[in-house]
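Assemble the complex: chain C is given as a structure, and chain U must be docked to it using the hints.
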Amino acid sequence: MARKGIDSITLEVLWNRFIAIAEEAATEIVRTAFSTTIRESRNFSVIILNPNGQSIAQARSTMPSFVGALPITAKKLLQIFPQDTLEPGDLILTNDPWMGTGHLQDLTSLTPVFHKSKLVALIGITTQVTDMGGKLRSPEVREIYEEGLQLPPSKYMSAGKINEDILRIIRKNVRVPNQVEGDMISHMSAGRLAARRIGEMLEEYKLADLEAPATTIFQRSENAMREAIKKVEDGEYRFQVSTDGYDEPLVIRVEVKVRGSSILVDYTGSSPQVDRGLNAVLSYVYSYSAYSLKCLFCPQIPNNEGNFRPVTVSAPEGSILNPRYPAPVNGRSMVGHFIPSAIFGALCKAVPNLVQAASGSPTWAINAAGITKESRRFAGNFFLHGGQGATDRHDGRVCLDFPSNTSNTPIEILEHLVPLLVERKASIRDSGGSGKYAGGNGQQVIVKSLSDGPILLTFMSERTRHPAYGLFGGKNGRVGKVTLNGRPINPKRQWVMNQSDRLVLEVPSGGGYGDPKDRSFYSIERDLQEGLLSVQKARAEYNYDGDFTAVDM
Amino acid sequence: MAKSASSSTTRRRIVAAIDIGGTFTDIAIYNPSNGKTAVGKYLTTPNDPSIGALAGLRTLLDEESLRFRDLGQAIHATTLATNAIIEKKGAATGLLATKGFADILLMGRESRYDIYDLVPEFPEPLVSGPFRRELTERISATGEILQPLSTQEVKVTIQELVEKGAKSIAVCLLHSYANSAHETEVGEAIAQSFPDVSFSLSSQVCPEIREYERTSTTVANAYIQPIVSKYLEDLEVNLENVSLYIMLSNGGIATAQSAGRSPIRMFESGPAAGALSSAYFGKLGGFENLIAFDMGGTTAKSCIIEDGEPHLSVQFEIARVKRFTKGSGMPIQVPCIDLIEVGAGGGSIARIDDLGLLKVGPESQGASPGPACYGLGGEEPTVTDANLLLGYINPDYFLGGEMPVFPEAASEAIRTKIAEPMKIEEIQAAWGIHELVNETMAAAARIKLSERGKDPRNFTLMATGGAGPVHAFRLARKVGLKRIVCPPGAGLASSLGLHTVPFKVDTVDSQVIPLEDVNLTKLNDTFNRREKRLRQVLTDAGVREREIRIQRMADISFEGQGFPLTIPIPSGKLTRNHFGEISETYREHYASAHGRAIDEVPLQVFGWRIFGMGPEPNVNFDFSNLPETEVKNALKGNRRIYMPENKGFRKVNIFDRYLLKPGQKIKGPALVEEKMTTTVIGPRSNFQVDKFQNLIIEL
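Those protein sequences? They're chains C and U, same order as listed. Taken in order, the first sequence gives residues 17 to 569; the numbers are from this note's numbering. Taken in order, the second sequence gives residues 352 to 1050; the numbers are from this note's numbering.
Chain C on its own, in the form it takes in the complex:
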């Protein structure tokens, strides 16, 4: 095949193959990983990169925050382990937040792929493990040292041989060593599988490397993204969102500068970095910024380097969106998940038909750990999600993760892992922001301890003071709330739950879109029917005058 070009037909076939290979590797991870964060919540990504660390294709079910960060990690790792130091059977591993996804619980690996002795690709994998030692995951921490084991970029495997010292160090530092080791094995077997498949593909198409298809994929994707951006009027679009912060609110200020076919996202004016784990490193911020723009402008094209090229992201050093080491970063999603709503807010005047009202994000979680009577150590994450924001054509869905994409943890699985009893998990009626299209309801979860010992609890929670905004007359969603035995608590802190304590979480709801007066009668009645809306609210906010009578539920 000619070096410089590749025909459209072969390109489409190879592109499909790249995605299929990433998918196959993802399947392998789900089957072999141990942590519930991976196998139940699918908190991982697989990306095929070229030898320079540029992403060619990714598995479909993947984490938005990892997608943009992984190529950055790869490029940084290549500076430490240059291409000519890599050999078949290597696996480079790190959890350095500044190198990649922004907190220690994410393990990122790079598997070099060789074909006929030539480095042709890298397989990048990020998985979130249940535990990395340190303080149970919580924004309460003041320095990264409290957050757990830091694993600087290392060759965990050299030419097929595991560095047993590193393995022992990791095992010694984490609460659930078998789970973490199992997860590391999933990196190895998925990387190996993807490498083998790439070799087979090169054989079949008589290619020496991936350069020709990769270059064309980048070019076409970049063009498509640029075409879409060109349709937006040039200008500086600004917006600001606030988060609860630890004690004091934090501000994310954004300016989205559209110039021709390029976009610059600048976060100047955002809060300075804080001495709590609420800082998001720049690669993570980049990841969510690029993701937000892709959702708006180019959702249908499989993601790759080309989509990123028209986008530049900057944030002042020393701010919550670009903190200096050793800032604590444990709860970085408590800030980073606000990025899409900041960008959508900025662009809502420019592309009202593309944006979405704010969702009841970020992803909420309960992290619980302790020791059972039988001296068995337990640790588990329980993910739960808020309501989705509405758009100019759709209601927000009840409880759907956005911008992250974590599945909830089944109650029955949670109750096997930790001695907690969930008493209720239900949509909160009337909580979604009203609108021509309504925001999705959030959920209420009530949890009791069944342990005779204390259970250590931390949370990922936000929007308890700052609601998800509505757009164009749509109302805000309801804020979230955490109470322990009836008293509101600061969920950013660590708590201890004793036997028969009762914990109530109310996850925030999504914002509405458009004037509620314009909502269709059919939609109002359907929401009444489904128990999402009460007759009182229907009458008050939608001028509903139908004769639906509430069922006593």
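If you are wondering where the hints come from, they were derived from the structure by calculation, not from laboratory data. Treat each hint with caution, since some may be false.
Calculated pairs, BS3-like style, for lysine-lysine (alpha carbon to alpha carbon, straight line, at most 27 Å) [to be verified]:
#1 K581(U) with K855(U)
#2 K805(U) with K855(U)
#3 K177(C) with K805(U)
#4 K151(C) with K247(C)
#5 K222(C) with K833(U)
#6 K387(U) with K450(U)
#7 K553(C) with K533(C)
#8 K581(U) with K222(C)
#9 K873(U) with K389(C)
#10 K222(C) with K855(U)
#11 K132(C) with K998(U)
#12 K805(U) with K222(C)
#13 K177(C) with K134(C)
#14 K497(C) with K151(C)
#15 K134(C) with K151(C)
#16 K222(C) with K710(U)
#17 K222(C) with K774(U)
#18 K497(C) with K873(U)
#19 K246(C) with K710(U)
#20 K132(C) with K177(C)
#21 K247(C) with K188(C)
#22 K883(U) with K855(U)
#23 K464(C) with K450(U)
#24 K450(U) with K553(C)
#25 K553(C) with K515(U)
#26 K987(U) with K1012(U)
#27 K151(C) with K464(C)
#28 K873(U) with K246(C)
#29 K132(C) with K833(U)
#30 K92(C) with K222(C)
#31 K998(U) with K768(U)
#32 K92(C) with K132(C)
#33 K1018(U) with K222(C)
#34 K1002(U) with K247(C)
#35 K768(U) with K132(C)
Computed from a predicted model, the values in this text were never measured in an experiment.
Relative to chain C, chain U alone:
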């Protein structure tokens, strides 16, 4: 109605197999005493499929000078359950959930199947708001009753649901897989107060951990139950004294009564029959490891068969909102033939996307208007049009020459809609369409093989359907398969597969617990009770006691993992001494699937399964009605076909399938034509027919 399939008559009398598909109803009658087999294909009558089936059966019996009363059994596969859900024809269904959890069905797993789609659509739940009700009760993860049921509340809630119009009720309480007492009690209460209302208990339909998936499965079961059991009852009446058995999605058969109780288990009944047909004929030709690949007009389906047994999957999805997109449907957690379905058939439409790239399917022209070359008004370029231009299909011998096709129309569609906009040669466009279809299917097959760590070189591709043999060669090459088998007639009547199935029943007891903590006394007791029950079901179905085979299996994983492997475990009384053996077997299975096991990690059990099976029926089909092969030269001419190796056309020989002599080896490339399809054979290969008239291609 009373079933009296006495053991002495089982499979002694003539058996009718009926497979009702979307377009055709396949019927095969088989006489076990002399092997005589007759096969017929009849149009399906969509409004009441039993009408077409019974009429077809009567016709076929007449042709063979037989009557209804000569029949001993009927075995039946049907798409009724599938259609009821797709067409939303199910019953008004109520849901009873644990207090605090009625919204589980609405919330699902709270994640998006496409991360860049801001507004992913999800299927409407089968139970609407007012029909989702709660009961005050709670069972713990270990099966302990934390809060007993209130008899009064149960009674009132059921009454309210029925008054509201519920015809069927799904009962899905938390942790019922660990302790079914509460669900059973609710079921009894429904049966007592409202004998006409059907009910489905999650602890019976799907006794497995994960509340959303279990609820989704049980609700779907409840939704189709009234319509399916009514259909089965009517069919039994119409079949007079013939005992009726149903093909299940997992490849087993059950009595009509038991299938009527868990109709969700017959969801993929038709494809299961097809897979078993492939397995049987594969075995007959000596091929135990197969990828059964069936490509028709709108989709291609495939299924992996290993050691003569189709692979099963523990979960599948129905009613996908976004076609063929995983995660956009409702999860169903019952064992099912592990079916791969991709939206690429002969009628699939080719188009150019926003990036200027070629896409094929899943939109299809179906049979009407069909591909452009049919000349029936279809203007979109399809896979069949591409195959025609590539020379793979003979325009003068389409359906044996019975149907005219128009290459100019195919050419025009591909030129104007694909080649010109893409600025490429027409033939390049046609090859692109062909190749892309192969790639899509290869990707699907590869992922299935690798899910289980299988080496493609050990598998044979069995290609059926009108378009299957056209694509088989390139597909096999892509996946790395070494052999292709094309059975005669572009397919095997899937109804034949129904004759080859042993009676099969299974049970599962879900319990998530470290292997070390298993209470052996209780487990042995459960095993004994279950086995006794299975034996009873099998003997009721006419299987002789001494012919019953029982296999116990365990779902085991390393502690902390979420997806277990199902491994065989010893029969008889289990003791602690067996744990070593079980652990050994598990580690072997794990290492073979994933390359490496972890030594230190203890094991945990997810569930215990028992499979009971009758004997494999000793079928020996005798098709005395097949055309006689006259020994004549099979070479009927030659044609230029597109050959990617040459980047252009090349003249190849055409052989008449009906005239090929068994044992005669011929070198590819070549075309082998028959009425229903054309087999395309590429270079670096050879082929021959075997004594069963299978066309065998070695790559």
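(message) K450(U) and K553(C) were given as a pair; does the straight-line alpha-carbon distance stay at or below 27 Å?
(response) 24 Å, holds
(request) Verify the proposed pairing of K222(C) with K855(U), using a straight-line Cα cut of 27 Å. (result) Outside the cut-off at roughly 48 Å; violated.
(message) For K998(U) and K768(U), compute the direct alpha-carbon distance and say whether it is at most 27 Å.
(response) 22 Å, holds
(request) Mind checking the alpha carbons of K177(C) and K805(U) for me, to see if they're no more than 27 Å apart? (result) Answer holds: K177(C) to K805(U) is near 24 Å, not above 27 Å.
(request) Measure nothing beyond the straight line between the CA atoms of K873(U) and K246(C); if it is 27 Å or shorter, mark the hint as holding. (result) Since the Cα atoms of K873(U) and K246(C) sit roughly 70 Å apart, the hinted pair is violated (cutoff 27 Å).
(message) K134(C) and K151(C) were given as a pair; does the straight-line alpha-carbon distance stay at or below 27 Å?
(response) Roughly 43 Å between the alpha carbons, so the hint for K134(C) and K151(C) is violated.
(message) Against the 27 Å threshold, does the CA-CA distance of K222(C) and K833(U) hold or violate the hint?
(response) 20 Å, holds
(request) Starting from K1018(U), check that the Cα of K222(C) is at most 27 Å away, please. (result) Since the Cα atoms of K1018(U) and K222(C) sit roughly 24 Å apart, the hinted pair holds (cutoff 27 Å).
(message) Given the hinted pair K768(U) and K132(C), is their Cα-Cα distance within 27 Å?
(response) Distance of about 40 Å is beyond 27 Å: violated.
(message) Hinted pair, alpha-carbon criterion (27 Å max): K883(U), K855(U). Please report holds or violated.
(response) With Cα atoms ~14 Å apart, K883(U) and K855(U) stay inside 27 Å; holds.
(message) Check whether the Cα positions of K92(C) and K132(C) lie no farther apart than 27 Å.
(response) 26 Å, holds
(message) Can you confirm whether the C-alpha distance between K553(C) and K533(C) stays at or below 27 Å?
(response) 13 Å, holds
Hint check: violations occur at hints 4, 6, 8, 10, 15, 18, 21, 28, 30, 34, 35; the rest are consistent with the structure.
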